[in-house]
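Using the sequences plus the hints, can you model the full thing?
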Amino acid sequence: MNALPWTLYTAFAGALLVLFTGARSAALARGIALATAVTGLVLALFAAASFVPGPGMQTLVDIPWVESLGIHYHLAADGISLTLVVLTGLAATAGVLFSWNIEERAGEFFALYLALIGGVYGVFLSADAFLFFVFYEIAIVPKYFLIANWGSTRREYGAMKLALYSFAGSALVLAGLLWTYAAGGAHGFALGELARAASTLPRGEVIVIFALVFFGFATLAGLFPLHTWAPTGHVAAPTAASMLLAGVVMKLGAYGCLRVALPLFPEGFLYWQPIIGWLAVIGIVYAGLIALVQDDFKFVIGYSSVSHMGFVMLGLAAANARAVSGAVLQMFSHGVIAGLLFAVVGRMVYDRTHTRQLADLQRMPLHRLLPFAAVTFVLAGIASMGLPGFSGFPAELTILVGTWASSRVWALVAAFGVLVAAAFTLRAIQLAFFGSTGDSAPAEHGADAHPLAPISLPEKLGAGLLLATSVLIGLKPDLLLDWINPALQSPLFQAVIRKGTP
Amino acid sequence: MNSLYADLFHAAAPETVLVVSALLVLGFDLVVGRHRTLAQRLVLATFLGGLGVLAALAFDLAVGATGPVFGGALVLDPLAVAVRGGVLILVLLTLGVASAAPVSRQPAEFVALILFATVGFLQMAAAQQLLLGFLALELASLSLYVLAGYDKARPESAEAALKYFLLGAVSAAFLLFGFSLLYGLTGSIAFPEISHALAYQPMSPLLAVALVMVLVAFGFKAAAAPFHLWAPDAYQGAPTASAALIASASKLAGFALFWRLLWSGLGTVAGQFTYHQSYPGWLTIVALLSAASMLLGNFAALAQHNVRRLLAYSAIAHAGALLLGLIGAGQSGPGPLFYYAATYGVATAGAFGVLAVLERHGPAQELTDLAGLYKRSPLLAGCLFIFVLSLAGIPPLAGFFGKFAVFASALQLGGVASPAGWLALLAIALSAVALYYYLLILKQALVARPTAAATPVKVPAVAALTLIVAAALIVLLGLFPSVLLSLV
Chain A
1 MNALPWTLYT
11 AFAGALLVLF
21 TGARSAALAR
31 GIALATAVTG
41 LVLALFAAAS
51 FVPGPGMQTL
61 VDIPWVESLG
71 IHYHLAADGI
81 SLTLVVLTGL
91 AATAGVLFSW
101 NIEERAGEFF
111 ALYLALIGGV
121 YGVFLSADAF
131 LFFVFYEIAI
141 VPKYFLIANW
151 GSTRREYGAM
161 KLALYSFAGS
171 ALVLAGLLWT
181 YAAGGAHGFA
191 LGELARAAST
201 LPRGEVIVIF
211 ALVFFGFATL
221 AGLFPLHTWA
231 PTGHVAAPTA
241 ASMLLAGVVM
251 KLGAYGCLRV
261 ALPLFPEGFL
271 YWQPIIGWLA
281 VIGIVYAGLI
291 ALVQDDFKFV
301 IGYSSVSHMG
311 FVMLGLAAAN
321 ARAVSGAVLQ
331 MFSHGVIAGL
341 LFAVVGRMVY
351 DRTHTRQLAD
361 LQRMPLHRLL
371 PFAAVTFVLA
381 GIASMGLPGF
391 SGFPAELTIL
401 VGTWASSRVW
411 ALVAAFGVLV
421 AAAFTLRAIQ
431 LAFFGSTGDS
441 APAEHGADAH
451 PLAPISLPEK
461 LGAGLLLATS
471 VLIGLKPDLL
481 LDWINPALQS
491 PLFQAVIRKG
501 TP
Chain B
1 MNSLYADLFH
11 AAAPETVLVV
21 SALLVLGFDL
31 VVGRHRTLAQ
41 RLVLATFLGG
51 LGVLAALAFD
61 LAVGATGPVF
71 GGALVLDPLA
81 VAVRGGVLIL
91 VLLTLGVASA
101 APVSRQPAEF
111 VALILFATVG
121 FLQMAAAQQL
131 LLGFLALELA
141 SLSLYVLAGY
151 DKARPESAEA
161 ALKYFLLGAV
171 SAAFLLFGFS
181 LLYGLTGSIA
191 FPEISHALAY
201 QPMSPLLAVA
211 LVMVLVAFGF
221 KAAAAPFHLW
231 APDAYQGAPT
241 ASAALIASAS
251 KLAGFALFWR
261 LLWSGLGTVA
271 GQFTYHQSYP
281 GWLTIVALLS
291 AASMLLGNFA
301 ALAQHNVRRL
311 LAYSAIAHAG
321 ALLLGLIGAG
331 QSGPGPLFYY
341 AATYGVATAG
351 AFGVLAVLER
361 HGPAQELTDL
371 AGLYKRSPLL
381 AGCLFIFVLS
391 LAGIPPLAGF
401 FGKFAVFASA
411 LQLGGVASPA
421 GWLALLAIAL
431 SAVALYYYLL
441 ILKQALVARP
451 TAAATPVKVP
461 AVAALTLIVA
471 AALIVLLGLF
481 PSVLLSLV
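Order-wise, the sequence lines are chains A and B. Under this note's numbering, the first sequence has 140 at position 140, and the numbering climbs by one with no breaks. Under this note's numbering, the second sequence has 358 at position 358, and the numbering climbs by one with no breaks.
One should not assume that every hint holds.
Cross-link-like lysine-lysine pairs, in silico, DSSO-like; alpha carbons within 27 Å at most [as the list claims (entries may be wrong)]:
1. A/Lys161 / B/Lys443
2. B/Lys375 / A/Lys161
3. B/Lys152 / B/Lys163
4. A/Lys460 / A/Lys476
5. B/Lys443 / B/Lys375
6. B/Lys458 / B/Lys375
These are calculated hints, taken from the structure and not from any lab test.
Pasting the structure below:
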C-alpha cells in the first residue's frame, strides 16, 4: 500500500525530466514517458497485491501542511481509490503507446501529459478536501495546452470551452467547500471534519452547498445538461488526450461527487436525488440519440462517453450499495473501453485516413485495409454495448439492478438507453469499417495509391492491454467488487446510502 | 531625547542605507560613467543599487520587530518587518527587470529614483502617524510619477506620467483633506490615539466625509474602480521597469499603510454590515470598491488586446480581491492580505520582466507580439507560464493560495450572511472569467506559431536569474505558504 503515493511522485518527476530532455530527442521523451507510465501502473498493481479491503480510507501519508488553516497533506486510499488508481495507470500506459507518433514538441507534450496524470493520481489519493482540490485543478491546465497545441478540429475553441467549463465547475466546488469550512466553523479540511461542520448548518444552506459542490463536480463528469464541453473537447483533442479525458478525467468529476459531495452533505443529496436521477437518465438517452445521427466518427464516441457516464451518475443517484458499487465498476469499465474506442478512431483510423467523416470512411474497405483496427473496434464496441464477457456487462447490469431497487422508472428508461447504445455502436461499426466490400468500388480514396501504414507494435500492445483488462473484469468483476464493496461500509458512505435508499 | 533619536536612526537603518546607496549610484555614474556606453552604465547602476537593496534587507532583518519607535510615529511590528522585506525583494526583482529593459538616457538617475521610491515604501510599511504616512506616500508617489515619464522621448510615456501625476495629485489633496478632518475630530495624528478618540464619538457627517476622502485616495493608490482610470495608460506607457514597480512593491506598501490606518487607526469606525445588523462605517465603502474593481477589472480585461493594458485590468481585479482581504483582515489578521499582496507582486513583476526582455528585440505591446514565445525563448515562455497561471490562481502556485486564504478569511466574518461572504463568492465566480483572458496570453506564448519576422530572444544573464528566482519564489511559496503566513 505504501507504494501508492509514489505513483504521483513518479508522474510529476517524469514530467519534469521529460520536459528538459524532450527538446533533444522525441524518442527519448517517448521512452521516459512510457517508463514513467508503466512504473505508475506497476506501483499501483504492487500496492493492490498487498491491499486488505476494509471500510474507511487507509492513511498513507499525513503531514501538517498549512497549520493556521488546519490543512494537511493527507494521502489515503480505500478500495474505490485503488480501483481508480489502477485505471489511471492503465490509461496512462495505453495513452503513451497510442501517442508514439507525436514528433512535434514531444517533450512538452509528454510533460503536460504526465503532469495531468500526476494530478489525477493525486485526486484519487487525497483525503483532505483542500489537497483534493489542488490536484483537481492541477489536472485542468494541461488539458488546455494538450488540446490547443496538438489537437485537430476547432482545437482552440474546444480547448478553451473545456478549460472554462472545468474551471467554472471547480469554482463552484471551491465556493461550496469554503462556505462549509467558514460557516460550519471547521478546524480543517479533512473530509470527516467537513462532514461534521456541514451537519451543524441549517438544512437550507446544506441544500445550496450540496448543489454547488455536486454540480461543480458533475460538470466534469459530463452530467446532462453540463456535458456540452465533452464532445467538442474529445473531438478536438489529440488521441492520447481524448483517451485520458474520457478514460480518467471525466472520472475525476464522478469521483468528486462520490467522495466529497455525497458523504459530506447527505441532507442536500436527499433533496436533489430525484433531479440528479432524472438528469442522469435523460443524459443516457439524449446523448445516445445524438450519437446515433453524428457524421463525424469521433463525435459518435464523444457522445457515447456522455451516455455511458450517465450510468455512473445514475448509480450515484440511486444511492444504494449495489448501484454505487456498480457506478464505480462502470467508471473503471468505461475508462478502459472509451480509451480503446478513442484509440481506434483517433490513432488507428484518423491518423492514417485523415478523415473522420463516416460518409468518407464508408467508401473505404477499412476492414480489409486495417483488419486489426476493425477487430479491435468490433470487440470494443461489443464491450461498450454491454455484452457479457466484457467489463461493460457486469457494470451496467449492477447499476440497473441497483437502480431498480430505488426507482423502477429510471431503471426502465436507462435500459432503453442500453438499446440506443447498441444501435449507435452498430451503426458506427457498420459505416466505418464495413461500409464497402472493396471488391466492386474502384479504390478512389487511394488505398492503392497511398497504402495505409500498417498498425504498429505500440498500438497493438496498447489495444491488447486495454482489451485484456476489459475481458478480465468482464469475466471476474469480483476482483474489483471485493475492493469496492467493503469501502462502501465506511461511516461516511453509509450516512448517504442509508438515507438515499427508500 | 538623544536616545530617542538613536532609536529612530537604528530603526531607519534600511532607509539610510538606501539613500546612501542612491547617492553612491549617482556619484559613481558621474565619476566612472562618462566614457562608457549607456548599457554599461545601466549594469553598473543596477549592480550598485542591488547591493544597496540587499544591505537594506540585511538591516531590516537585523533590526527586527522592536515595537514602537520615536514615540510611536513608526512601529516595527512583525508586519512592518515582513512588508519591508517583501518590498525590498520586489525592488530587487524590479532592478533585475530594469537591467534588461532598453534605456533611453541617464540610467543612474533611473536607479536612484527607484531607490528613493523604495525609501518611501519602507516608511509606508512602518508609519503609524498621519503626517509620516502622508510624507512616505508622497515620497514614493513623486518618485513613481517621474519614473512613469522617464522615457520622455516617447509620447505614451509622457501621457502615462501626466495622467498618473494629475490624478495622483488630486488624490493626495483628498487624502490630506481627510487627514486634516480626522485631526480636527480627534486632536491627534497618531493612529492609536485617533482610534481611542473615535471610540467615544458617534458617527458624524464630518467623520463620514473624512472617511470618504481617505478612501477615495486609497482607491486611487490601489487602482480600485472607479478610481482606476490612470492604471491602463500608466501600465501601457510607462517604461517596463517603472510599471513593474508601480504594480508590485508600490501595491504591497500601499496596502500595508492603509491596513494600519484603517484597522489600527480607524478600526473603531469600521462599522458592521451583516445580514442581521448593520451600522455605518468604512467597511461598506471598501466592500463597494472591492465589488466594483472585481467586476470592472475582470470584464474589461476580456476585451484587451494589449498585454500591458490586460495586466492593468487584471491588476484592478486583483485590487478588488486585496480589498476583500483588507475587510477580512479585521478578524483574521493581516496574514492572508500580506501573502496575497506579496505573491501578486512577484508574479506581476515577473510578467513585466518577461516583457522587458522581449522589448529588446522588438515591440512587446500587443498580445500577438508574444506569438511563438516558446520557440523564441523557452525560458521566457516557461517563466511567463508560471507567472500568468499564478495570477489566474491555479494551484500549486502562490496565487492560488493567496486567493484561497483571502476568501476563507472573508467568509469567516459571517458566512454567506454577510456581504463579505457574498463578495468572496463573487470573486470565486469571477476567477473563472479571469482564466479566459489569462489563457489568451498563454495561448499566444505557448500555442501560436511565431511570425516570420520573429527572431530568437537572447536573455541577459541577470534578467534570466531574476526571472528564475521570481518563478521559483512563486512555486515554493505556493507549496509552503506557511513560510510567509507565519511572518506576520
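Let me make sure I understand: some of the numbered hints might not hold for this structure. Which ones are they, in numerical order? none
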